[in-house]
Amino acid sequence: MTVSTGIDAPVEETRVALGRSLRVALVHGREEASRRAVTNLALASGAEIVARIRASDPRSFVEAAQALRDARPDVVVIQGGTKDEVALAELLEALRLGCGAQRPMPRVFGLVDTRVAASLRLRASPFEFERFAAASEVVDGLRRLRSGGDSDAPLRDALIEDGARALAETTATAALAVDVTERSTSLVLARPDGRIDAAHFIPLGLGMGADHVVVRASLDNVRRWLPWPIDAPALLERMFNRTRRTVEGPATTEAAVLLEMALAREAIAHALRDAADAGLDVAAMRSAPSILITGQPASLRRAGQSLLVLVDGLEPNAVSTVFREPDEGRAERIGMVVAVAPRRPAKIRIVRASGRSVARVDPGSFGLVAVDGDVEVAVSGAGVRGHGRSGELGVLIDARGRPLSLPERDGERIPAVTRWHAALQAIAGHRSST
Amino acid sequence: MTWRRERWSADHPLPIGVTKRAQVGDLVRAGDIIAAGATLAGALRVPGARRLGLSPADFERELRVRVGSDVVAKTVLARVGRRFARSVTSPIDGRLLHVTVDGDLYIAPIVDRWTVRATLDGVVARSDDAVVEVEGEAWCLQGAAAFGPDAIGEITLGVDGPDSDLAPSRIDVRLAGRIIVGGARVSAEVITRAHACGVAGLVAGGVPPAGLRVVYGDTVTASGSSSRDDRPTVLCLMGFGSAVLPRAIFEPLAALGGARAAIHTASARLFVFSTADIARAEAGSPDVAVSGEGPAAYAPADRGGADIDEADSEQPAQSEEELSPSANDRSSSER
Numbered sequence: 001m002t003v004s005t006g007i008d009a010p011v012e013e014t015r016v017a018l019g020r021s022l023r024v025a026l027v028h029g030r031e032e033a034s035r036r037a038v039t040n041l042a043l044a045s046g047a048e049i050v051a052r053i054r055a056s057d058p059r060s061f062v063e064a065a066q067a068l069r070d071a072r073p074d075v076v077v078i079q080g081g082t083k084d085e086v087a088l089a090e091l092l093e094a095l096r097l098g099c100g101a102q103r104p105m106p107r108v109f110g111l112v113d114t115r116v117a118a119s120l121r122l123r124a125s126p127f128e129f130e131r132f133a134a135a136s137e138v139v140d141g142l143r144r145l146r147s148g149g150d151s152d153a154p155l156r157d158a159l160i161e162d163g164a165r166a167l168a169e170t171t172a173t174a175a176l177a178v179d180v181t182e183r184s185t186s187l188v189l190a191r192p193d194g195r196i197d198a199a200h201f202i203p204l205g206l207g208m209g210a211d212h213v214v215v216r217a218s219l220d221n222v223r224r225w226l227p228w229p230i231d232a233p234a235l236l237e238r239m240f241n242r243t244r245r246t247v248e249g250p251a252t253t254e255a256a257v258l259l260e261m262a263l264a265r266e267a268i269a270h271a272l273r274d275a276a277d278a279g280l281d282v283a284a285m286r287s288a289p290s291i292l293i294t295g296q297p298a299s300l301r302r303a304g305q306s307l308l309v310l311v312d313g314l315e316p317n318a319v320s321t322v323f324r325e326p327d328e329g330r331a332e333r334i335g336m337v338v339a340v341a342p343r344r345p346a347k348i349r350i351v352r353a354s355g356r357s358v359a360r361v362d363p364g365s366f367g368l369v370a371v372d373g374d375v376e377v378a379v380s381g382a383g384v385r386g387h388g389r390s391g392e393l394g395v396l397i398d399a400r401g402r403p404l405s406l407p408e409r410d411g412e413r414i415p416a417v418t419r420w421h422a423a424l425q426a427i428a429g430h431r432s433s434t
Numbered sequence: 001m002t003w004r005r006e007r008w009s010a011d012h013p014l015p016i017g018v019t020k021r022a023q024v025g026d027l028v029r030a031g032d033i034i035a036a037g038a039t040l041a042g043a044l045r046v047p048g049a050r051r052l053g054l055s056p057a058d059f060e061r062e063l064r065v066r067v068g069s070d071v072v073a074k075t076v077l078a079r080v081g082r083r084f085a086r087s088v089t090s091p092i093d094g095r096l097l098h099v100t101v102d103g104d105l106y107i108a109p110i111v112d113r114w115t116v117r118a119t120l121d122g123v124v125a126r127s128d129d130a131v132v133e134v135e136g137e138a139w140c141l142q143g144a145a146a147f148g149p150d151a152i153g154e155i156t157l158g159v160d161g162p163d164s165d166l167a168p169s170r171i172d173v174r175l176a177g178r179i180i181v182g183g184a185r186v187s188a189e190v191i192t193r194a195h196a197c198g199v200a201g202l203v204a205g206g207v208p209p210a211g212l213r214v215v216y217g218d219t220v221t222a223s224g225s226s227s228r229d230d231r232p233t234v235l236c237l238m239g240f241g242s243a244v245l246p247r248a249i250f251e252p253l254a255a256l257g258g259a260r261a262a263i264h265t266a267s268a269r270l271f272v273f274s275t276a277d278i279a280r281a282e283a284g285s286p287d288v289a290v291s292g293e294g295p296a297a298y299a300p301a302d303r304g305g306a307d308i309d310e311a312d313s314e315q316p317a318q319s320e321e322e323l324s325p326s327a328n329d330r331s332s333s334e335r
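Line by line, the protein sequences give chains A and B. Per the numbering used here, the first sequence starts with residue 1, numbered consecutively. Per the numbering used here, the second sequence starts with residue 1, numbered consecutively.
Bound-form chain B, shown alone:
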């Protein structure tokens, strides 16, 4: 795990119901809205081609409303004939969502709106109804796992040193919209308090999985979970439990305080947009400090969503499980 300044790409998956999205070649900054759309409820199927007596191929030519447009009740969606006209109208206010192979229409009521924001400063490299991909240059730190929605904000140091745990008392509403660096560990209490205070995201060496279960539910796994709903964003840099951040990681984080940053949860990456020279940290693999049952260094997981041109493989520093039983945690033969 090292800091790298390179050209990265980040995928931003889009929910169904996109209304507008950035186009290929558009310049975007992290935090910019790159896609917006509507959250849709149960769709109604409306007969189309059959009603107009057309073949499905001909029906699409007769559509008067573009698929993906908002419509109001009784809007004429398609019409044929002049003197004895036949038409298809929308039965409800909503979105013309889909045209079937048979030439029927799906219209869904709009219940909410959504937006997707960029997590990189750069250029839109791909844009379609499923994903917007942004490519750009940034400092990047590859984490072990990330949870929650993408987050964008200013980097703020929440601890005095790499081996400190972030205390709940250090979180307040003045930190709203920031990405807070939490040192060796952030607890469930810190995560929930930070979310309540409007903190954009948390970055720490380790997060106790029991705390993750409290916040994200019992189905949470070590591979992380990217979501779109209103939940806290957490990036575990080294693993689970408590993990003291190496100085080569922590010092640049401290130096980058105040810089704009983004957590891309699908790839578990922290992007920092700064031209600051943190090259010292870039050289070599950092020393890894293991605390208690915490992890050492890890090979990066195979991640979808964000890619780098060159392989960033890393060997684990530890190949055998080394367990240090605690007081209540000894095998019978050792007791």
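Bound-form chain A, shown alone:
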């Protein structure tokens, strides 16, 4: 993988570790906040969530113990307040029954206050119990386990976070990094002050995690992005067979590229849904002024393909400058996205150094305006105003509305999807239409 700090900076080769798969069981208090907090920890650390048990879980003691045994967790993360202490202690008993014979034994990470920790530590025997005072410490602890003590090669997710942070510092605005690989999907929102919201979903990707995209997002949701009809069994077969193949480099055939794009969109969309469920600020992600896309969608041959995946999957709702950084190349600015949802035809005013121009925006339209350099845009009536820099593709005006809905019937959906692909030159033989 290469890491660049900007479009003009030299590219630096870096050895990146994917980290070992870390199976995490989440045990949390009754409060919704507790569930969100503990989910956040797992997502931020890139661990695979294999079981979730709430303090008020309706499952019986034996069922909870069996669920934990079947999950074979490497780590059990516990979070809860004082009033959850009794229930959490009982769940630790279920853990003792379920995983007492597991080798190696799971470790217990507690994000609880000292008094609750003292009580739980007693009940966690013979498991190793570690109390953490802050969520960031738990994340660091889980990451250390994932890296297996190899400090030479940073984890990929840590690198994606660094990239988002660097972009936020450079642009002095909030920056979102979206990374989709064979097995993982990451969303990292970095703010100019250095704070980040990170969620790394494993397994959810384009190769080994493709079947999980289908299971979680449903086959129909993947199929809807393909600009040709395909029956569900045939598509499912391709998805399942992707998981068993080692893909070297980006896909080259058009059908494979379009399939990969469809999967990437749903991986991103599903990651956003899970991030929202975990309490992350998805609205801020969608309105980030700077967006960096990395991993396999960034390695697609045409910049328009990367941009289309991002726009369809993320559904940005403001004015954003989009960068892409392939694993083996340098970062490049590919375009600017202006998302508007006008109810009636509106006008967009584009101001740049060489002058200004006005374009008409019809509801549902989607297309590029060839503009280079610094751009200031304002849409009449829609309340959209922003500043950014366009890239090689220019300014993408997306007036399809939010949330993006696709027609149900193939006869309406396929022409629409084909038109969107053509607008961004994502299909061979099509050129830009504005």
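Calculated directly from the structure, the hints in this document are not laboratory data. Don't take each hint at face value.
Stated by the list, open to error - Straight-line alpha carbon distances no greater than 25 Å define the calculated SDA-like cross-link-like pairs of lysine to any residue that follow:
no., chain 1, residue 1, chain 2, residue 2
1, A, Lys83, B, Gly42
2, B, Lys20, A, Arg96
3, B, Lys20, A, Ser60
4, B, Lys20, A, Gly100
5, A, Lys83, B, Leu44
6, A, Lys83, B, Arg45
7, B, Lys20, A, Asp70
8, B, Lys20, A, Arg103
9, B, Lys20, B, Arg61
10, B, Lys20, A, Ala67
11, B, Lys20, A, Ala101
12, A, Lys83, B, Val46
13, A, Lys83, A, Phe129
14, A, Lys83, B, Pro47
15, A, Lys347, A, Asp372
16, A, Lys83, B, Thr100
17, A, Lys83, B, Pro56
18, A, Lys83, A, Glu137
19, A, Lys83, A, Ser56
20, A, Lys83, B, Asp165
21, B, Lys20, A, Lys347
22, B, Lys74, A, Ser60
23, B, Lys20, A, Pro126
24, B, Lys20, A, Gly381
25, B, Lys20, B, Val72
26, A, Lys83, B, Arg50
27, B, Lys20, A, Gln66
28, B, Lys20, A, Arg72
29, A, Lys347, A, Arg301
Since this is a predicted model, take the numbers as computed values, not measurements.
Given chain A, work out where chain B should sit, using these hints.
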């Protein structure tokens, strides 16, 4: 993917409620019961140490019933004192399941019984409440994914050639308890019919994932799913869809017809217990035939459950997705 005769190990995870299990060093044959236990319903928590006025450490010494034993209602579980005795009794018929750190007892009613059978001829190498591991020598074929519970039975050829699909009409109750080799593909209809006829398991080059969803539910994934419940057992040797078995794989399968075999679903392996010489098939990597949208050869997935001493890594024969659109399956630019 090749046939190998080596020493293998297979893990057999145990549910909660084990009553007896094979001990380390025991000799077992595939199909032997290596663990048995009880399926338990919601457990009752009964005060123990507090009731007797003991510390939790002392309480365990006073237990009169071993943890894991079956008890009947009013059985004395622990007792202290002579003239003014205090005791803890079981409120229900069931199993003394667990003693908490506080010295309380969990007692759960028994609703069913379960057994776990060995999938290898060999020696028990590890045995505890969570798993029984058996090590032994066998012919083995590493598959791509397996679904359902472990299966043990005689290998029976269900097709005439490696490129044939197993027809539902070839399955009947006379094949009960057998592991049937299904050629290039087994459909959902074949899987359900085979299960209804009591067939132990099915082995095929490929299985359509849509069929797997019909049988195992929409949450099924390409990594397979090992289960304990009453479901069909299917081993996909090469992947999903239709995949013609290479001759180097199929011919030994045909030659091993009638031999005892087992499907270990957690590791997606077929073990065959035979001393037959199928060495010709062992040499070299087989030719791989791809049919339609079927897979080529695959690198074995990282599997838990069964291990081999030496690494059995294999390189994929195909590194780029090669799709052959069908009549209704063409991109707009190609149409």
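Results for each hint:
Straight-line distance between C-alpha atoms of A/Lys83 and B/Gly42 comes to about 23 Å, which keeps the hinted pair within the 25 Å bound. Of the pairs offered as hints, the one joining B/Lys20 and A/Arg96 holds, with about 20 Å between alpha carbons and a cut-off of 25 Å not exceeded. A distance of roughly 24 Å separates the Cα atoms of B/Lys20 and A/Ser60; the hinted pair therefore holds under the 25 Å criterion. Our distance criterion of 25 Å between C-alpha atoms is met by B/Lys20 and A/Gly100, whose separation comes to about 17 Å.
Restraint check: the Cα-Cα separation between A/Lys83 and B/Leu44 comes to about 22 Å, which is no more than 25 Å; the hinted pair holds. With a C-alpha separation of about 20 Å, the suggested pair A/Lys83 and B/Arg45 falls inside the 25 Å cut-off, and the hint holds. For the proposed pair B/Lys20 and A/Asp70, the alpha carbon gap of about 20 Å is at most 25 Å, so the pair holds. Restraint check for B/Lys20 and A/Arg103: satisfied, since their Cα atoms lie roughly 20 Å apart, inside the 25 Å limit.
Using a Cα cut-off of 25 Å, the hinted pair B/Lys20 and B/Arg61 holds, with the two alpha carbons roughly 23 Å apart. Of the supplied pair hints, the one linking B/Lys20 and A/Ala67 holds, its CA atoms being roughly 21 Å apart against a limit of 25 Å. Among the hinted pairs, B/Lys20 with A/Ala101 is consistent with the structure: their alpha-carbon atoms are about 15 Å apart, no more than 25 Å. With a C-alpha separation of about 22 Å, the suggested pairing of A/Lys83 with B/Val46 holds against the 25 Å cut-off.
For the suggested pair A/Lys83 and A/Phe129, the alpha carbons sit about 20 Å apart, so the restraint of at most 25 Å is met. A distance of roughly 21 Å separates the Cα atoms of A/Lys83 and B/Pro47; the hinted pair therefore holds under the 25 Å criterion. A threshold of 25 Å between alpha carbons decides the hint, and for A/Lys347 with A/Asp372 the separation of about 20 Å falls inside it, so the pair holds. For the hint linking A/Lys83 to B/Thr100, the alpha-carbon distance of about 20 Å falls within 25 Å, and the restraint holds.
About 24 Å separates the Cα atoms of A/Lys83 and B/Pro56, which keeps this hinted pair within 25 Å; it holds. Proposed proximity of A/Lys83 and A/Glu137 is supported: the alpha carbons are some 23 Å apart, at most 25 Å. Distance hint between A/Lys83 and A/Ser56 is fulfilled; the C-alpha atoms sit about 11 Å from each other, no more than 25 Å. Between the alpha carbons of A/Lys83 and B/Asp165 the distance comes to roughly 60 Å, so the proposed pair goes past 25 Å and is violated.
Between B/Lys20 and A/Lys347, the direct Cα distance comes to roughly 78 Å. Violation of the 25 Å bound is thereby established for this hinted pair. Between B/Lys74 and A/Ser60, the direct Cα distance comes to roughly 23 Å. Compliance with the 25 Å bound is thereby established for this hinted pair. Using a Cα cut-off of 25 Å, the hinted pair B/Lys20 and A/Pro126 holds, with the two alpha carbons roughly 23 Å apart. Our distance criterion of 25 Å between C-alpha atoms is broken by B/Lys20 and A/Gly381, whose separation comes to about 75 Å.
For the proposed pair B/Lys20 and B/Val72, the alpha carbon gap of about 19 Å is at most 25 Å, so the pair holds. Between A/Lys83 and B/Arg50, the direct Cα distance comes to roughly 22 Å. Compliance with the 25 Å bound is thereby established for this hinted pair. As the CA atoms of B/Lys20 and A/Gln66 are separated by approximately 18 Å, the hinted pair is consistent with the 25 Å bound. Between B/Lys20 and A/Arg72 the alpha-carbon distance is near 22 Å, which keeps this suggested pair within the 25 Å criterion.
At most 25 Å may separate the alpha-carbon atoms for a hinted pair to count; A/Lys347 and A/Arg301 exceed this at roughly 33 Å.
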